[in-house]
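*Asks:* Below are the chains, spelled out letter by letter.
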Amino acid sequence: MKKNHRIGSRLFMGLVFLFLYAPILLLIIFSFNAGNSSVVWKGFSFRWYAELFQNRIIMSSVYTTLLVSLLATIIATVAGTFAAIGFFTMDRRLRRPLMVVNDIPMMNADIVTGVSLCLFFVAAFAGWNGFVTWMENSYRLTAPRLYLGFGTLLLAHISFNIPYVILNVTPKLRQMDKNLIDAAQDLGCTWMQAFWKVVVPEIKPGIISGALIAFTMSIDDFVISYFTAGSATSTLAMTIYGMTKKRVSPEINAISTLLFAAVLALLIIVNVREARQEKALAKKK
Amino acid sequence: MKNKLSLFAVPYVVWMALFVVAPIVMVVVYAFSTADGGFSLSNFARMGTYAVIFTRSFKLALIATAICLLVGYPVAYMMAKEGPGFQRIASVLIMLPMWVNFLLRTYSWMSILEKNGLLNQLFSAIGLFDLINSVFGTNIQYFKMIGTSGAVVLGMVYNYLPFMILPIYSVIIKLDNSLLEAARDLGANSAGVFRKVILPLSLPGVLSGITMVFVPSVSTFAISRLLGGGTQMMLGDLIEQQFLGGAYNPHLGSAIALVMMVIVVVCMWVMNHFGEGEEQAVML
Numbered sequence: 171m172k173k174n175h176r177i178g179s180r181l182f183m184g185l186v187f188l189f190l191y192a193p194i195l196l197l198i199i200f201s202f203n204a205g206n207s208s209v210v211w212k213g214f215s216f217r218w219y220a221e222l223f224q225n226r227i228i229m230s231s232v233y234t235t236l237l238v239s240l241l242a243t244i245i246a247t248v249a250g251t252f253a254a255i256g257f258f259t260m261d262r263r264l265r266r267p268l269m270v271v272n273d274i275p276m277m278n279a280d281i282v283t284g285v286s287l288c289l290f291f292v293a294a295f296a297g298w299n300g301f302v303t304w305m306e307n308s309y310r311l312t313a314p315r316l317y318l319g320f321g322t323l324l325l326a327h328i329s330f331n332i333p334y335v336i337l338n339v340t341p342k343l344r345q346m347d348k349n350l351i352d353a354a355q356d357l358g359c360t361w362m363q364a365f366w367k368v369v370v371p372e373i374k375p376g377i378i379s380g381a382l383i384a385f386t387m388s389i390d391d392f393v394i395s396y397f398t399a400g401s402a403t404s405t406l407a408m409t410i411y412g413m414t415k416k417r418v419s420p421e422i423n424a425i426s427t428l429l430f431a432a433v434l435a436l437l438i439i440v441n442v443r444e445a446r447q448e449k450a451l452a453k454k455k
Numbered sequence: 314m315k316n317k318l319s320l321f322a323v324p325y326v327v328w329m330a331l332f333v334v335a336p337i338v339m340v341v342v343y344a345f346s347t348a349d350g351g352f353s354l355s356n357f358a359r360m361g362t363y364a365v366i367f368t369r370s371f372k373l374a375l376i377a378t379a380i381c382l383l384v385g386y387p388v389a390y391m392m393a394k395e396g397p398g399f400q401r402i403a404s405v406l407i408m409l410p411m412w413v414n415f416l417l418r419t420y421s422w423m424s425i426l427e428k429n430g431l432l433n434q435l436f437s438a439i440g441l442f443d444l445i446n447s448v449f450g451t452n453i454q455y456f457k458m459i460g461t462s463g464a465v466v467l468g469m470v471y472n473y474l475p476f477m478i479l480p481i482y483s484v485i486i487k488l489d490n491s492l493l494e495a496a497r498d499l500g501a502n503s504a505g506v507f508r509k510v511i512l513p514l515s516l517p518g519v520l521s522g523i524t525m526v527f528v529p530s531v532s533t534f535a536i537s538r539l540l541g542g543g544t545q546m547m548l549g550d551l552i553e554q555q556f557l558g559g560a561y562n563p564h565l566g567s568a569i570a571l572v573m574m575v576i577v578v579v580c581m582w583v584m585n586h587f588g589e590g591e592e593q594a595v596m597l
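Heads up: the sequence lines are chains A and B, in that order.
If you want the numbering used here, it's the 1-based position in the first sequence plus 170.
If you want the numbering used here, it's the 1-based position in the second sequence plus 313.
One chain only, chain A, in its complex shape (with noise of 0.2 Å):
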């Protein structure tokens, strides 16, 4: 009785996997199709891959989402950490507020965000530039005028990483004993020392979590990017949507098998080596 259940419940479990990853499946074996259907097979070729490297615009759209999201990631975790330290030390009355501001990016809806950062950036492009405009006439002198492009790509990809890094260093301070820094302080550290040697340590773990995140959500996201990245720069996934609006090229299905294999690796790697250091201590005990 109990073995026929867990039989079921892994069919069941299998069923929702292959629906996850049936899409996933036959994109990666399309990219190797020597036609360009996406439907109709006509033969293995590495075609695609090899045409994939002589496209300009799927290229350089890889490069500005991989600059971006590594960019926002470094910024956003440096920046997150060091908030989530000034929260957490913060009065309590003076915290939960800006907890709850701190929350709306990961809350709100992601078209949002990117509206709301799409007519601020244009407003207050406006305004500077209107200002540019007022000094070149009266006083000749000038600035650069701005314009949405990479740099308002990258504010946004920060300020919507940022609370997720919060998020996930957060409970790393709470797990900490507290006394640790007075007790360091007793020692004859300095504070700044005690925050490097003390607090960054105890905390290493969320701060890398918070840096995953962070990076998964740059690379994934479309819908801000799409709003703030303005007309002349591009993300792969701003590439790929206006690709959907005639055909999307097989060369497509390359790239993401590529990215896709990466990450398979990087994961594998990665719980090959936490499974081994769990057995480790284990044994230990």
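Hints may be right or wrong, so weigh each one.
Covered stretches of chain A, as calculated for chain B (at least 3 residues, CB under 8 Å) [what the hints assert, rightly or not]:
1) 182-193
2) 241-253
3) 262-273
4) 289-301
5) 398-411
6) 427-436
Just so you know, these hints were derived from the structure itself, not from any lab.
Here a beta-carbon is modelled for each residue, glycine too, at the ideal position from N, C-alpha and C.
With chain A's structure known, arrange chain B on it following the hints.
*Replies:* Just chain B now, kept in the frame of chain A:
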């Protein structure tokens, strides 16, 4: 020491004022004004003409959320009952699809569902259409799937199912096993244990899963455009058109975005309400 460390938050507070609060204030200002400036409620009045889109968005998002819950809860529950090795692999497998861009995964569904797509090819290969045609005397060559509301719901379920499974799973996995044992010792059968102990205690996970599925579903515009074939316009499409599309009118777009924000705030409030209840239960 304590006060010095709290200064670390000052740059981020300034940042939030600039990039979180100010943009939202902009949305509110735009929503309550017209192109020639001046306060106006006309944007909200105009929303009445889009009542069809509002109802469709809510209907499809609610159906998708319900399906996600009905499929996601059992998956989360079954996962939590498996061994640690299985759990590790299963949770990685659930997260992994998120690394393939969602537009591509959705586009992949297009090639499965379209007129000459894989599913219709499969149906005709196994002779399903011949069978139907001979039984009902009809003459169908394919099932129309793209451009139906069903396809849009499928796209939402497909994209957001992991957001339902993971929070529920993480709550169930943390359940205190001794509570379940106690319930059994006190005479509850497995259905009773589930209904009276597991289900109420996993409610916070369910609620966060519901918001995490409902909010992106109700606001999507890419999924409805790809799988709905332009016939299934949703709130997200409407907003997008007001900002970057042909019907340029950021004031109306802001008003709709504001309505959406209010919905999210209500969701958040409900969540917090239940969340506090749960904290108290833990303290008791």
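*Asks:* Are three or more residues of the segment 241-253 of chain A within 8 Å, CB to CB, of chain B?
*Replies:* Held - the segment 241-253 of chain A has 4 residues with a Cβ nearer than 8 Å to chain B, which meets the minimum of three.
*Asks:* Closer than 8 Å Cβ to Cβ for three or more residues is the test here. Does the segment 289-301 of chain A pass it with chain B?
*Replies:* The restraint on the segment 289-301 of chain A holds, since 3 of its residues have a Cβ under 8 Å from chain B and three suffice.
*Asks:* Residue count check for the segment 262-273 of chain A against chain B: does it reach three with CB-CB under 8 Å?
*Replies:* holds (count 4)
*Asks:* Do three or more residues of the segment 427-436 of chain A come closer than 8 Å to chain B, measuring C-beta to C-beta?
*Replies:* holds (count 4)
*Asks:* Would you check chain B against the segment 182-193 of chain A, counting CB to CB pairs closer than 8 Å, and say if three or more residues qualify?
*Replies:* Since 9 is at least three, the answer is holds.
*Asks:* Count the residues of the segment 398-411 of chain A whose Cβ falls closer than 8 Å to any Cβ of chain B, and tell me whether that reaches three.
*Replies:* Since three or more residues must qualify, the claim that chain B covers the segment 398-411 of chain A holds, with 4 doing so at under 8 Å.
Comparing the model with each earlier hint shows no violations; every hint is respected.
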